[in-house]
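Those protein sequences? They're chains D and L, same order as listed.
Each number in the numbering used here comes from the position in the first sequence (counting from 1) with 660 added on.
Each number in the numbering used here comes from the position in the second sequence (counting from 1) with 51 added on.
Take the hints with a grain of salt, since some may be wrong.
[What the hints assert, rightly or not] Covered stretches of chain D (chain L as the covering partner; in silico rule of three or more C-beta atoms under 8 Å from a C-beta of chain L): (1) 669-677; (2) 762-774; (3) 1084-1094.
Since the hints were made in silico from the structure, they are not lab data.
Please read these numbers as outputs of a predicted model, since none were measured by experiment.
Using N, Cα and C, we set each Cβ at its ideal position, and we do this for glycine too.
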Amino acid sequence: MPETRTRREFLRLSMLGVASLAASGCRLATFEGEPTLSRPEARATLGDRRVRIRYMARIGQSETVLYSQRLAEFQDAFPHLEVKLEQYPVGANARDYVAKLLSLQAAGTLGDACWSANLGGHYYFFAERGLSRPLEDIIDAASVSLTAYIEPAINALEYKQRIYGLPLKAHANACFIGYNRDLLERQGVPEPSADMTLDDWIDLAEMLTEHTGSQNSPSMWGMMLSTGAALLDNTKPFGGEAISKNGTTSQINSPEVKEACRWQYDAYHKYKVCPIPQTISGMNEYQLMASGRLATAQTGMYSVGHISALASEKGSVPRFRYWVAPTPYGQARKRANTIIVDALSITSASQHPQEAFHLLQFFTDKEAGVQLALGDGVPGARADIYADPRLRGTHHTEDDASLYAIFQSIMSEVNPFYYPKNLRNIELFTVYSQEIDRLWRGEAEPTDGFFDKVNAMCQKILDRDMI
Amino acid sequence: MTASATGRRLDQKHVMRRGRRAALWGYLFISPWVLGVLVFSVIPMLASLWLSLTKYNVIQPPTYIGLDNYAFALHQDEQFWPSLLRTVFYTAVTVPVGTTISLLLAMLVNQELCGTLIFRACYFLPTIIPSIAATLIWVWLLHPGIGLVNYLLSGVGLPSRAWLFNAGTALPSLVVIGLWGSVGGSNMIVILAGLQGVSQEQLEAAELDGADAWAKFWNVTFPAISPVIFFSLVLGFIFCLQVFSLAYVATDGGPSWSTWFFMLHIVRNALNYFEMGYASALSWVLFMLIFGLTVLQISIAPMWVYYSGNLRR
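Please model the entire structure based on the sequences and the hints provided.
Below is the structure:
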């Protein structure tokens, strides 16, 4: 009689089988060994050093343009180095990217090189908390001169008198008035100029705004202003600073900042030349301008590539000529702009800092800077880029040589970036967007009480301990 | 000792040995699940309890600070109480309204009419749409300028609203989005299953005794499905108090903090402000709130939940 198996025996055997399979899939963690080389013939010229550099990059950002051509050039120039490109999501204010790096740090698997920026404060946070390493020793050993980079960018990357990264690119935030040249010509309105004032801009916008639709949805808006962290820019023409130079005092209720906010409030609610943010939410200045509903907009170098692509697309939107002027001077003889710098840093966990520094240099040299400019418009942080002939006729603006001349003139007088001493930038910007943006939406009025209340909230953040 | 007593003792030992062996196999079979709960739930919870007593920014080792995080939350954090109250408000509206609508839908689709199956499928469809995708669609539907909702409202002469971009209407808008995605889903299905278990004999007996529709519902149907309603409420409170993705995707906590929920406050502190220790403390506050509320619901359940075979109080 054949032997029958019980269900319990069957289950036992199944479990043993599954456990055996699982055990066979496990193996001891091993060192990955020597990295492969990009060119076999290079092995003959190598010493014993062949190194893999892990570069933690951002997905889908403007520097992506470097990862095809420039990275290949790097591999050719440094055959003994292999770059492992790891790309992570960014999120608003780079929060996803920073969270990823913190996770890698906590797990002890941080790579060799990373991106950071000054605006969100994480460049300084990485420096303060030892995620990135200072570069002076490597810079001195390599006899590298930082004078090739523009001075405001290097100044912005100095933290406690040390430098923790090389500037990948730099711009002046929302420093332009971008406009539809064809539209202004049709309306017989003079173009914005470099010496116009803020009130001139309001007058120009009034000439262009057409309230043929409902009051909250005109057929044409004359201007659009940046909000949120752009407060840092827009207070400067009035001589105001949202935060003190040493980063310990909030100055939201200073007379200059109040005047700046009231000017912007009037643009929305008194002159009605500027769309209230909620009516256009989800649409940016590129789309509004391309659809013929916006004449001028406060924007930055980061928009040039996008809007010029829209302006030149065949079939989907009418073609129009796009041009820019610097944001106007205010009574303080300053324009609305702030130096914003993206940096490449070497992590303190890197076992190959010298090799990683080669990558930093390669991605921040003139050629890389030109490639960045050919991408979305923001060039590298070097003055020798602006006059490169390849930048002419690229972004379908009237005259790209003049475009970068305008940009260069802005960068020559760009305002410094002041940030909280305790590096709680994101917390502070959250208050700006949640509270001050109420003015633009019409949910609050720019009274002294309003500014005192918001200032108290900001000061509370600045009084906290280091992040 | 007699031979029979010895024999009985030997038998008992044999039975106990077999029982222990069987128990060991049982423990072995449940060990993967137990291990998973320990590794992925219990140990992280204990770790977060420890971290809640520290200042920890992930990059550097945690520094013990005692109950400072809890003190800061209760007395100094400007968004602690508002975000908590906002979350409680969202839950207090969404759960009862959602359960009521689910009950009504379940009663509707419990009718043996032609096409009922199609309606069941239609009501269930929102549940199978990923919540992020659904939220993004609603963001566009509720857009002040080009959204379909305002277009339809203006078509019938009603005023349009800024919905998600006005502090007064953002939270109610999220309540609507949350209800849309949940009322026809598992809530409705579970209640429907409960309705289909209601005793027809009792309903007929009630009808014979002269009970009208409401009397039948209140005295026969509702007690019969009260365990299901209770289950739905308990889970509803637990999930709604942890509302996060709606606000994260649709409004990012704005405008003017109006949708800054407690869970969003935790995530911001943890991942954006680098206050992992403080975020852990906030998480434990939320856990204690949910735990306390669940215990409260269970303790008052005998007052209104009726299990068949028990007398109704």
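Three residues minimum, CB to CB under 8 Å: does the region 1084-1094 of chain D make the cut for coverage by chain L? Let me know. Contact hint for the region 1084-1094 of chain D vs chain L: holds, 6 residues under 8 Å.
Per the coverage rule (Cβ-Cβ under 8 Å, at least three residues), is the region 762-774 of chain D covered by chain L? Check passed, 4 qualifying residues.
Quick check: do three or more residues in the region 669-677 of chain D have a beta carbon closer than 8 Å to a beta carbon of chain L? Holds, because 3 residues of the region 669-677 of chain D bring their Cβ atoms closer than 8 Å to Cβ atoms of chain L.
The earlier numbered hints are all upheld by this structure, with none contradicted.
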